[in-house]
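Peer 1: The lines below spell out each chain.
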Amino acid sequence: MASSSEELKFRDPGKARALTEALAREVEAIGRSPVSVMHVCGSHEQAIARFGLRAAFPRALDVIMGPGCPVCVTDTPEVDEAVALAAQGARVCTYGDMLRLPGTSKSLADAQADGGKVEVIYSVSQAVELAKQRPAEQVVFFASGFETTAVATAAVILAGVPENFSVLSSHKYVPAAMDVVSEMEETNIEGFIAAGHAATITGWGIFEPFARRTGAPVVVAGFEPLDVLAAVVELVRLVRLKRPEVMNCYPRCVSKEGNRPALEKLWKVFDVVGGNWRGIARVPRGNLDLKPEWDHLNARRRFRIDTAAVGGAERNVLAERCICGSIMSGLAKPSDCKLFGKECRPETPVGACMVSSEGACKIWHVYGGQPDLREVA
Amino acid sequence: MAGEKVALKHGAGGRAMRALIEDVFLALASPVDGIGLAALDDGAAIRVGDRWLVITTDSHVVHPIFFPGGDIGRLSVSGTVNDLAMMGATEPLGLTCAVILEEGFPRADLERIRDSMLTASREAGAPIVTGDTKVMGRGEIDGVVLNTTGVALADRVVSDAGLRVGDRIIVTGTVGDHGMAVMTQRHQLGLQGDLRSDVAPLNGLVRAALRAGGDELVAMKDPTRGGLASVLHEMAGKAKVGIVLDEPAVPVNAEVRAACEVLGIDPLVVANEGKAVIGVRPGAADRVLAALRAHPLGRRAAVVGTAVAERPGQVILDTGLGRRLLAEPEGEPLPRIC
Numbered sequence: 001m002a003s004s005s006e007e008l009k010f011r012d013p014g015k016a017r018a019l020t021e022a023l024a025r026e027v028e029a030i031g032r033s034p035v036s037v038m039h040v041c042g043s044h045e046q047a048i049a050r051f052g053l054r055a056a057f058p059r060a061l062d063v064i065m066g067p068g069c070p071v072c073v074t075d076t077p078e079v080d081e082a083v084a085l086a087a088q089g090a091r092v093c094t095y096g097d098m099l100r101l102p103g104t105s106k107s108l109a110d111a112q113a114d115g116g117k118v119e120v121i122y123s124v125s126q127a128v129e130l131a132k133q134r135p136a137e138q139v140v141f142f143a144s145g146f147e148t149t150a151v152a153t154a155a156v157i158l159a160g161v162p163e164n165f166s167v168l169s170s171h172k173y174v175p176a177a178m179d180v181v182s183e184m185e186e187t188n189i190e191g192f193i194a195a196g197h198a199a200t201i202t203g204w205g206i207f208e209p210f211a212r213r214t215g216a217p218v219v220v221a222g223f224e225p226l227d228v229l230a231a232v233v234e235l236v237r238l239v240r241l242k243r244p245e246v247m248n249c250y251p252r253c254v255s256k257e258g259n260r261p262a263l264e265k266l267w268k269v270f271d272v273v274g275g276n277w278r279g280i281a282r283v284p285r286g287n288l289d290l291k292p293e294w295d296h297l298n299a300r301r302r303f304r305i306d307t308a309a310v311g312g313a314e315r316n317v318l319a320e321r322c323i324c325g326s327i328m329s330g331l332a333k334p335s336d337c338k339l340f341g342k343e344c345r346p347e348t349p350v351g352a353c354m355v356s357s358e359g360a361c362k363i364w365h366v367y368g369g370q371p372d373l374r375e376v377a
Numbered sequence: 001m002a003g004e005k006v007a008l009k010h011g012a013g014g015r016a017m018r019a020l021i022e023d024v025f026l027a028l029a030s031p032v033d034g035i036g037l038a039a040l041d042d043g044a045a046i047r048v049g050d051r052w053l054v055i056t057t058d059s060h061v062v063h064p065i066f067f068p069g070g071d072i073g074r075l076s077v078s079g080t081v082n083d084l085a086m087m088g089a090t091e092p093l094g095l096t097c098a099v100i101l102e103e104g105f106p107r108a109d110l111e112r113i114r115d116s117m118l119t120a121s122r123e124a125g126a127p128i129v130t131g132d133t134k135v136m137g138r139g140e141i142d143g144v145v146l147n148t149t150g151v152a153l154a155d156r157v158v159s160d161a162g163l164r165v166g167d168r169i170i171v172t173g174t175v176g177d178h179g180m181a182v183m184t185q186r187h188q189l190g191l192q193g194d195l196r197s198d199v200a201p202l203n204g205l206v207r208a209a210l211r212a213g214g215d216e217l218v219a220m221k222d223p224t225r226g227g228l229a230s231v232l233h234e235m236a237g238k239a240k241v242g243i244v245l246d247e248p249a250v251p252v253n254a255e256v257r258a259a260c261e262v263l264g265i266d267p268l269v270v271a272n273e274g275k276a277v278i279g280v281r282p283g284a285a286d287r288v289l290a291a292l293r294a295h296p297l298g299r300r301a302a303v304v305g306t307a308v309a310e311r312p313g314q315v316i317l318d319t320g321l322g323r324r325l326l327a328e329p330e331g332e333p334l335p336r337i338c
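So the sequences go chain by chain: A and B.
With the numbering used here, the residue at position 123 of the first sequence is 123, and numbering never jumps.
With the numbering used here, the residue at position 300 of the second sequence is 300, and numbering never jumps.
In short, the hints are calculated from the structure, not lab data.
Since the structure is predicted, the reported quantities are computational estimates derived from the model, not experimental observations.
One or more hints might be untrue.
Unchecked claim - Restricting the straight-line Cα-Cα distance to at most 30 Å, the calculated cross-link-like pairs of lysine-lysine (DSS-like) are:
1. K134/B x K338/A
2. K240/B x K342/A
3. K238/B x K338/A
4. K9/B x K117/A
5. K5/B x K117/A
6. K342/A x K238/B
7. K342/A x K5/B
8. K9/B x K338/A
9. K338/A x K240/B
10. K117/A x K338/A
Claimed, not checked - To list a few chain A residues with every Cβ distance to chain B over 12 Å, as calculated:
11. A22
12. Q46
13. E163
14. N164
15. D179
16. K256
17. W294
18. Q370
In this text, a Cβ means the ideal position worked out from N, Cα and C, and glycines have one as well.
The shape of chain B in the complex, shown without the other chains (with noise of 0.2 Å):
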């Protein structure tokens, strides 16, 4: 290990970045009464009286900062308030901010970050409770990087390792969108049509989805970096299952299926962050289907896998025309998605 350098795919989500926690952070890794960081899940969840506290925190250093569809500010509350609801918890007490500029930054673009954050909590019923503010000289860091920790209590925590034999998969909406409208946004690649990113506090969807689904409700973990792809190789790896993905039925708009293809990109590994992918058990995945659409984040919510006693720790894809495997993603194929 001596002389190895922290290279941008130790970020990227994938193989490389667990790797370095494993190898480096998990040491900081100590038994708690609930999930800890031993866990690697979206958050952690300490025992409190009969109660559940969660906590996350995330970092945000999206280039560029301003996308179609959102920004830096709205991305830094969904992200954590989606985070906390990953694990069960759809009521945020509240969140705190820390905030690092680079000497020079406009201060109307701060301005307008401020006011995406607010439209953004208001929407989560997540305030924003404490803040801190650095700033550092010019070149020493690249405009603004934003942190926000969320807290909420939860009655029962959901983790990502739920899923049996049986169980049904869900995603909540089309994949890729948030990805492709950045990726395309920072290349100027120049392709018609409206590729907007999808970035939303999904608490509210959530909660309908835990309303409807109950302790059928078994798995769940939103499909950021690395896409659905990744999120599906973390749930069958943790639950020991095998998972058949039927592609067909993998909701993707027009315009991501027509630049993915383009650019040979697979929609499969492309970020999102404003969509959660479900495990039910099969009896309530009608249920909680029903439930999703009728939210206005989850219309085009789908059933696209079914986990099986098959390769363990596997994803089958069936496209419809024949069946391979999916490839765990390495990470975001794009640095600074988010």
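Next up, chain A with everything else stripped away, as it sits in the complex (with noise of 0.2 Å):
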């Protein structure tokens, strides 16, 4: 447990007034609005409106969140193959914010309640126990999240796993968060806040090719208020600059190079493959999934999952109104959705972003429903 001095170290009103000063005065020298740099990670939104940062921000600066949060972004059909499993009899395990994820008609949550084995799992080496404990029955690991999590699938699997255990992956690839936005004709991002944790895996070196190629530049944020403030502001200095460099905020935590066992680990269990992500598009090389080597864990190449019997017919109106693609995508935020705080709560989620914790709607909806709160003097 961090002590509290070195909390405050990182939450302290004194340097932060002095850091939102400098961005105030870079904000201010690009002299035109908006100013809009986007950062693509739900920890990112917590620090922001937890500690009601986008208040303390210039008005001429937007700080945008895009698709972030890997919950969010798995798609209908995924949660679909889940609830088939689920619905076929298999156990399936996940992490908590899976379990209220929509798929076309019914959630894991769903599943559970029509007498479905579903598992809530802290650690995917849980899953692998209760396959161990439970050799009679089919064991499936729904696995989210980005590299951060897919390094500790791929080392469950390297370590070895039982017979009956097998991995269904959503897991999401970073890189492919702030490729899908650059991509977007309708947005206008100059510049990304790349996550602190997922460059601790991957490196920051990874960001160098998007940098140069789309010409933005890029810069790793820890997840304290100060860490992304400081990041902020370094941001727009190299906007201002018009540098498409990528810069560390995190050296505490981030090398160039990243984790080398972790990425050895990774790759040797994973491919980077295409697919849709929840809302926004079909993604080149968004998705992790095992290699070929690995079919016999793979639940896709070992079982024939019958989505078609849990695919919901009847329209869902309410979901039609959902903007969280929009949202994803950095094109809308949470409080221009008419469901939002209405319809669509926590408790009663219409959309992918109302279920995670890492999600825009969610994040906004627990930090008070409007976070930004520039106009109030």
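Dock the two chains into a complex; use the hints.
Peer 2: Rendered as structure tokens:
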């Protein structure tokens, strides 16, 4: 547990004021409005929303959340696969955020209520343990998360798993989150803040080709409020100087080359493949799936998954009004959605962004619904 | 509504509970000379001559029944004494005690609970004057349920709706102690440090504040389920003002802050059983604060907020780094906290 003095080091109001003043100068020097930058991580949105940082940003600066929630971009058919496996009698293990993610007609929580064997786990090794304890069952780990959690999945596979254990991978690939936004014609994002925890694994070097190709600078940031503020200052400075560089503002955790042993494990088990991201688009290099040599552990290869049996034919009128896709692409704010905080709430989520604690709508809801209070003196 | 069932959230002190009360029980309200059921305050106040008879009732189902810093007995006396005090009635005439026990409940535990009640009632100067005992079969109730009702006379009733723009908000000490003590005990989280409930009768502390503040003490409520966040929303909503809460000024024990950070819980929504939130006119803030700090239960009292004209009914949180709205809690995150 961090001592309170360590905690305060990154939450010091005096230092925060100095940074917001520097930020105001940088934005003013650019001399137009709005200057738009994007972060692609639910934990960054949590820091910004929880500490009310948007109220301290200059009016001419938009800090937008992009598709940075791997649970939120998990597509409906992927959920259907998990629901179908549960309906077919498998014991489906997954992280808590995935439980209420809507499929075509059912979530895993619904599958559980129907009598399906669905387990919330905190670590993939718990799923392996369950498989060992229940040799007569098929135990399927419905895997979610970016490289950070994919490494953990890879590590247990490499360490050896029982024959009745398999993986339904919904892991997502970090660089794709920025690619997908920069390729959209409607967006005009001038710089990106990259997630410090994923970069701990991947290294910051992974963002250099992106910065060169798109002309947008990238700053790697940690998750305390001062980490975020310092990164935004540096990013806006690079935008002003028109320098498409990668800067590491989280050197206490992130190196250029990343965690090599972890990366070795990751690429022994996973390939980058194309896939649909919910509400956004087909993303050519968006997903991580098991390499062919692990087909015997890949639930998609191993079982005939009958998603037709769980796909509902009924139209979901509420879901049609949900604008999660636009929110995840950074084209709309949660408060732009007519369902936000009314029909769509954490207890009764309509869209994926209200389900996960990394989702923009859930975060805005938890931290007051309208974290941007720049208009209040 | 057909087929709908009561859920745990309906007893959690938040939006769902208020909706249940409004939908089901508000039909029982009838006009009274004073503050009745329709006001949904901490208790009722009925005019008797030139004084007020204040009445309140509370049932206690806390689990576990013994926790660091207190138990269900101390809680049942303190909770009712505090509900009276929050309406300005600091001299309880008497309390009732109704107990429902599960068959097989250990007699030694019952005597321990009785001793805690006796200690708390002496601290509060609130005699227990009548009671009722029932026993139910094994499995028909979980251990013990305690209900207490309190009556007191008051010269002036303080409601929770009295704030005006410019008024200051005082909290009488650290927040989050009770909820975090019960939570870590129940889940055996094994966190190190001294997490102890703050459960205590507050009528002595409130008496000191009322003497110092007089008519300039205008609103009062105890931040139990839903914590400080819930109380501020209620005060802001009833008085149709906004409240700016200065987060760094809110006293929080280091152990509570650390446990909350680890568990991802905001101390502002965690239950208290020995704290009051007091609204005062700006000129009386220093006087009331000094009186509170001179009392053993108010040493860490602090001015934490101000009523403003912007955003009526809402709470604006100043984090020291920026500002945002504070969400109204759905209710206590943990069932059976009191």
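Peer 1: What's the verdict on K134/B and K338/A, does the C-alpha distance respect the 30 Å limit or exceed it?
Peer 2: violated (51 Å)
Peer 1: Between K342/A and K238/B, does the CA-CA distance stay at or below 30 Å?
Peer 2: holds (22 Å)
Peer 1: Need the status of pair K117/A, K338/A: alpha-carbon distance at most 30 Å?
Peer 2: violated (35 Å)
Peer 1: Between the alpha carbons of K238/B and K338/A, is the straight-line distance 30 Å or under?
Peer 2: Satisfied, since the Cα-Cα distance of roughly 27 Å is no more than 30 Å.
Peer 1: Examine each Cβ of chain B, and state whether all of them lie more than 12 Å from the Cβ of N164/A.
Peer 2: Per Cβ check, N164/A is outside 12 Å of chain B; nearest 31 Å; holds.
Peer 1: What's the verdict on K240/B and K342/A, does the C-alpha distance respect the 30 Å limit or exceed it?
Peer 2: holds (22 Å)
Peer 1: Check the hint pairing K9/B with K117/A against an upper bound of 30 Å on the C-alpha distance.
Peer 2: holds (25 Å)
Peer 1: Looking at Q46/A again, its CB stays over 12 Å from all of chain B?
Peer 2: About 10 Å separates Q46/A from the closest Cβ of chain B, which leaves it inside 12 Å; violated.
Peer 1: Measuring Cβ to Cβ, find out whether E163/A lies farther than 12 Å from everything in chain B.
Peer 2: holds (35 Å)
Peer 1: Once the closest CB in chain B is found, is it more than 12 Å from A22/A?
Peer 2: Per Cβ check, A22/A is outside 12 Å of chain B; nearest 14 Å; holds.
Peer 1: Closest CB-CB distance from D179/A to chain B, is it above 12 Å?
Peer 2: Check passes; 31 Å lies beyond 12 Å.
Peer 1: Can the restraint linking K342/A and K5/B be considered satisfied, given a maximum Cα separation of 30 Å?
Peer 2: Answer holds: K342/A to K5/B is near 21 Å, not above 30 Å.
Checked against the numbered hints above, the structure violates hints 1, 10, 12 and 18; every other hint is satisfied.
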